[in-house]
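2 protein chains.
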Amino acid sequence: MDLATLRSFLKIVEHGTFTRAAVACGVSQPALSQQVAKLEAELGTPLFERQGRRLKLTETGERLRERAEQIVALVDDTARELADDGRTGRLAVAAIPTIAPYFLPGPLKAFREQHPEVRLELHELTTEALLKALRQGDVDLGVLALPVDGRYLEFEPLFEESLLLVVPAGHRLARGGPVRLDRLRAEPFVLLDEAHCLSGQIRSFCERRQFHPLETGRSTQLATVQEMVALGHGLSFVPEMARRLDTSDQRVYVPIAGEAPRRTIGVGWNPYRYQSRLARAFREQLRSAARPDEPSRSR
Amino acid sequence: MDLATLRSFLKIVEHGTFTRAAVACGVSQPALSQQVAKLEAELGTPLFERQGRRLKLTETGERLRERAEQIVALVDDTARELADDGRTGRLAVAAIPTIAPYFLPGPLKAFREQHPEVRLELHELTTEALLKALRQGDVDLGVLALPVDGRYLEFEPLFEESLLLVVPAGHRLARGGPVRLDRLRAEPFVLLDEAHCLSGQIRSFCERRQFHPLETGRSTQLATVQEMVALGHGLSFVPEMARRLDTSDQRVYVPIAGEAPRRTIGVGWNPYRYQSRLARAFREQLRSAARPDEPSRSR
DNA sequence: ACATTGGATAAGAATACGTTATGGATCTAG
DNA sequence: CTAGATCCATAACGTATTCTTATCCAATGT
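Protein chains in written order, with numbering that gives the first Met the number 0: chain A, 0 to 298; chain B, 0 to 298.
Hint data in this document are derived by calculation from the structure and do not stem from the laboratory.
These figures come from a predicted structure and were not determined experimentally.
Note that CB positions come from ideal geometry on N, CA and C, so glycine has one too.
Just a few of them, taken from the derived set where beta-carbon distance is under 7 Å, the chain A residues facing chain B:
#1 Arg-66
#2 Ile-70
#3 Val-74
Please work from the sequences and hints to get the whole structure.
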């Protein structure tokens with residue numbers, strides 16, 4: 000039982016077929032067939048049920064999968080721990096799309112200055128995909144909106160922010176301070192796609208207040224929403240951090256009267272995986288960017 | 000980083016030199032040199048400090064040692080778990096010398112009848128060596144006298160037994176029932192070597208009672224002690240289980256008056272290692288042999 | 001029925017790994 | 001202090017393993 004074989008086995012399980020796994024491993028398909036055949040001979044039991052071209056794990060195969068995942072994780076963590084000089088290496092950070100462009104540039108810039116030799120990876124993922132990536136050890140840190148289903152993960156809240164109403168410049172609500180929701184019943188709204196967790200947060204906020212926005216369009220990107228608002232397609236709700244990046248004079252951001260809708264931004268990681276010095280340093284960077292008293296330039 | 004290399008690395012650490020480790024691994028010395036060189040290149044740091052012929056682990060090497068032990072243990076346990084059919088395989092049992100020949104034959108015989116295909120290993124070890132073997136995963140189960148320093152291990156008491164006074168047949172104390180210690184002050188004693196934990200138990204019992212036996216000889220084996228007693232060299236204290244095996248009429252076993260000295264026999268195992276079905280079955284066998292109501296023939 | 005997809009097998013090729021031979025450094029003993 | 005012994009590193013070479021290419025066979029689906 001050697002490590003390369005275990006890795007191959009896991010890839011096969013992950014991809015469902017030998018052929019696709021072979022591509023993922025960068026080897027030929029027969030190589031995997033041979034590795035698995037050897038492993039099965041070694042264990043004395045088959046690992047897959049080959050019913051035609053349906054590939055299914057046997058009971059033994061399922062048990063091996065669990066153990067192999069532990070083994071590979073332990074080996075990879077060991078390699079990372081021993082190679083960890085706090086200066087070079089790789090750091091994979093993920094964030095949800097409604098945070099990434101607004102909050103991360105500051106910390107990323109500061110981190111890069113402090114750690115110029117690091118290969119920094121940034122992944123934009125939905126909350127669900129981000130949690131999966133954290134659990135699988137594909138990324139070191141994830142920045143997202145709390146709370147989430149955090150089994151096997153740890154989280155640290157960074158800061159809270161309000162949601163704002165955004166209206167086109169010159170709109171009747173553009174002046175006059177905080178707006179009450181009941182003044183918006185006739186207004187058309189451009190909302191964010193449901194794939195974003197922010198969209199769900201806005202929806203539940205509106206439902207709590209018995210407000211049902213008149214939907215006139217959806218977009219998958221916050222930036223697009225902002226452009227649509229400027230073009231007069233409707234109003235929208237956006238997080239505070241999106242305002243800070245908005246240099247256009249065609250949009251005006253107005254606070255909402257009463258108890259403002261808020262979201263909590265936090266950082267998550269996998270406590271069962273090795274936390275590199277780089278990861279800890281980046282978390283510190285996130286913390287200091289989150290402190291309102293001493294804000295990192297959120298350019 | 001492959002498994003064979005990690006195993007070699009651990010062997011080198013264990014044996015202190017490449018050369019001896021090579022013998023233990025059954026390969027040539029240059030093979031290990033090359034493996035380590037490759038591993039060091041891979042990690043980017045040396046693992047050993049070669050100061051002359053003194054071989055010392057670097058800090059990184061020390062960290063790798065810990066991790067490598069975990070990895071190898073996990074891999075070995077996985078292989079054992081998957082190969083575990085509850086019928087075939089290997090089972091390594093250890094016991095201290097003052098228990099092994101007296102208590103184990105019964106359970107061993109019963110187990111062998113139920114599991115004829117198992118390769119059964121029995122190791123006779125001192126308490127200290129036994130605990131080390133359990134911690135290292137060299138043996139699956141250990142039978143010994145409780146309590147012991149059981150860090151990282153688990154134990155289950157099986158039964159208690161008394162210590163008896165053994166005297167030669169025809170001795171003045173051979174008849175007349177329980178003997179008070181103060182009647183033994185003038186008697187010479189043949190004691191067990193201090194390497195045995197039983198010897199320490201007897202010593203502390205005597206000290207509690209302010210009894211200082213007149214020592215006239217020491218032996219490393221309980222069987223030898225018994226023979227010496229028969230030959231009139233002196234008296235001795237032996238555990239109850241040693242009496243049951245004694246078919247000679249040259250020795251008489253006499254209980255000690257007052258609070259009798261007792262020892263607890265138990266079985267220990269390593270909860271961090273995979274407990275095979277065979278190991279669990281043997282533990283069950285030990286339990287039923289320990290039950291006084293339904294004693295397995297302690298042949 | 002026939003094309004397509006996916007895995008097994010066989011034979012040759014590349015690579016990795018272990019062996020033997022040997023050298024150099026260090027510690028020990030006479 | 002020198003001779004010998006011990007021990008690790010290196011180089012050259014042979015072998016063994018493992019991958020690749022080519023091909024086949026079985027199953028699935030249109």
